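2 protein chains.
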Amino acid sequence: MMSDLAIRLGIIGLGAQGGYYAGFLSKDRVPNVTLAAICDTDESKRAAAEAYGVPFFTDYLTMLDSGAVDAVVTTVPHYLHPEMGIAALDRGLHVLVEKPVGVYTRQARRLLDHAAARSDLTTAVMFNQRTNPLYIDLRELIQSGELGRLRHTSWIITTWWRPQGYYDQSAWRATWGGEGGGVLVNQAPHQLDLWQWLCGVPTSVFAKLAFGFKRDIAVEDEVTALVDFGEGATGTFSTCTHDLAGTDRLEILLDAGKIVVDDSTTVTITRLSAPEQEISAGMSLAEVRRLFTGEGDTSKYVSVTTTTYDSPWTDQHPAVLQNFAAHALDGTPLIAPVEDGIHGVRLANAIHLSGWTGEEVSITDFDEDRYLAELNERIAREGTFPTREGD
Amino acid sequence: MMSDLAIRLGIIGLGAQGGYYAGFLSKDRVPNVTLAAICDTDESKRAAAEAYGVPFFTDYLTMLDSGAVDAVVTTVPHYLHPEMGIAALDRGLHVLVEKPVGVYTRQARRLLDHAAARSDLTTAVMFNQRTNPLYIDLRELIQSGELGRLRHTSWIITTWWRPQGYYDQSAWRATWGGEGGGVLVNQAPHQLDLWQWLCGVPTSVFAKLAFGFKRDIAVEDEVTALVDFGEGATGTFSTCTHDLAGTDRLEILLDAGKIVVDDSTTVTITRLSAPEQEISAGMSLAEVRRLFTGEGDTSKYVSVTTTTYDSPWTDQHPAVLQNFAAHALDGTPLIAPVEDGIHGVRLANAIHLSGWTGEEVSITDFDEDRYLAELNERIAREGTFPTREGD
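Sequences listed follow chains Y and H, in order.
Note that the working numbering numbers the first sequence so that position 262 is 262, with each residue one more than the last.
Note that the working numbering numbers the second sequence so that position 103 is 494, with each residue one more than the last.
Since the hints were made in silico from the structure, they are not lab data.
Since we're looking at a predicted model, the values are computed, not measured.
Any given hint could be a false lead.
Unchecked claim - One-sided excerpt, in silico: chain H residues whose CB lies under 8 Å from chain Y:
id	residue
1	Ser-545
2	Trp-552
3	Phe-597
4	Glu-613
5	Leu-617
6	Gly-623
7	Thr-625
8	Met-674
9	Leu-676
10	Val-693
11	Glu-773
To be verified - With the C-beta cut set under 7 Å, the calculated list includes, among others, these residues of chain Y facing chain H:
id	residue
12	Thr-41
13	Phe-56
14	Leu-61
15	Asp-228
16	Pro-275
17	Gln-277
18	Ala-281
19	Tyr-371
Every residue, glycine too, gets a C-beta built ideally from N, C-alpha and C.
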């Protein structure tokens, strides 16, 4: 039974990520969550689980049915998140899925549908970077409307350097059938989520991807995407895993100001004295001429603030878990409800599809059947893992 | 007659730019060029020309035939550069065309063909930013091969803010028939040239353009382009004229290093201790694990240098003019030979065509007939200026 003070959490998958969760939970880092059970198909993990003093299961359904847990977190390969989440919901358990909520939108939607049908339960996704005060402040600023509507945005996020040895750790990594993609599915989902959380959901995308560009892998290690937000607003998103001098730079241009974020820590906000089009329209020809003879001065129209945030890495996962439990216990609003997770999956799928087909791909009216067919073609050609069902 | 020491230059077009040339020439800023004549179709410019103490013409052909000049510079609307350049070459005069060398590739090629046929004469283009020591140093570094081959590049160049009053100055400005485009044709040609001068010529482009997005004009004031350089190397180019807090940031990622340029003055060069793929392949699994537990250290593989250059704006135009004259006088190699100008025109045309059609457009095999047909359709719809001939 769930107490009023804490939920009993089961971890499905004691790999690197599951071990990280077990570690901070065993140190009581999350006051309203108790580590209650651990599941891993690998029997050799039993000793590690028992060291935490909790029951160990090799079959996750047995753990779900054991009565030992009120909730689960899925720290398993991405393809498994939806089916495990659904099985837990069907048994009346709360679910926190690791990102991404699924590899392709059809399986992600199945999870969302189940979550919607069980709104008495809490279903959330581990978008830990949403707890970063920097992005919370920016979202509030943009949502307030003070800076007006979006004009353009770009994110160069190439700090995801991964050497060949990283990919060689497990057979499922960086394969179509085992992981479902590369940097778009594993590393960049954080930024794909934050970008849309801040700037809105794009309507279409054209992308160039390179597969096994600088690593011996089947999937993409280099991505350049151009998105359309409608009504003239556009954006670019670039990521890769082969830039040792990685860049993290986000720009957001709006009608009455501009936001530039460097290294996810330094925020420069330029506020205009009026909406830009008003300044443009109100400038006399004489003033325009002064501007172009070097005597003009546009600085009177702008005020700039720069804020540096502490890096909050160590608290992000515990904070999302605490929020998840608080929602289950008393209805505290969720930081990352599961339904938000579909946007990043769809954008990643659309970027893949554009890269595969060479065509601009609609996100608003995304062709998920075509995506799955193209993905299955690659899984079949790879020949190591089973193709995926459409539902 | 041309002396051994200086060429006699005629200026065609005494607008803002022509006036600027006349100004620095009359102050003897270019030792091997003498201001010798001025032409403008506007009779009211006669007094200004006479103040410089040189003959004034209202017909440029009369000036070319007068014997008063050895060379001309074309500071006139972009469409006129090729035909005026050709007329001068046909009369045995050297030609410096303002950028761009033409609005569309067919007319630019005609000029290039004439220039090639008269290799005894000097034909160059005013890419003044090529004289910036920053870009000269970067080009030398890249050409040396020390940093290896290109992987990715991006240029956000939105420092071209232009208020509505700027566009309202002349009827030809920011029209299809009078100017042939917006920011791609007027402001960004500098960067379109430098980008290719540094990174090579792309093979294809997909672009989103917004026409009259934040200004009351027919042409583009917002451009986002994604280019392919072949073999997995890609790039993005973003520009606009409505960002009061404009960004100028160029990134170039190569196999053994990375270049980041901020504000065209600060260059950060990261050199790797070995080609990136060698570092990746040579990293042991234990080292990979240390990296991901926060105990790793990639800094031993990189060395970073930052150099800040003085802004060289005031000397650029005189320097190109001096180089142009030196080539005519003694064969000094040209900074910006006219044939280099075609690349920027083709890239701008291809970006337009992609924006108009919604398709990815080949640059290697550029369909210039289709471009001209699409351009003429817009000129005809505008109804103010004549459509353009194909040759």
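Exercise for the section: Sort out which numbered hints this structure fails and list those numbers smallest first. Expected result: 11, 12, 13, 14, 16 and 19
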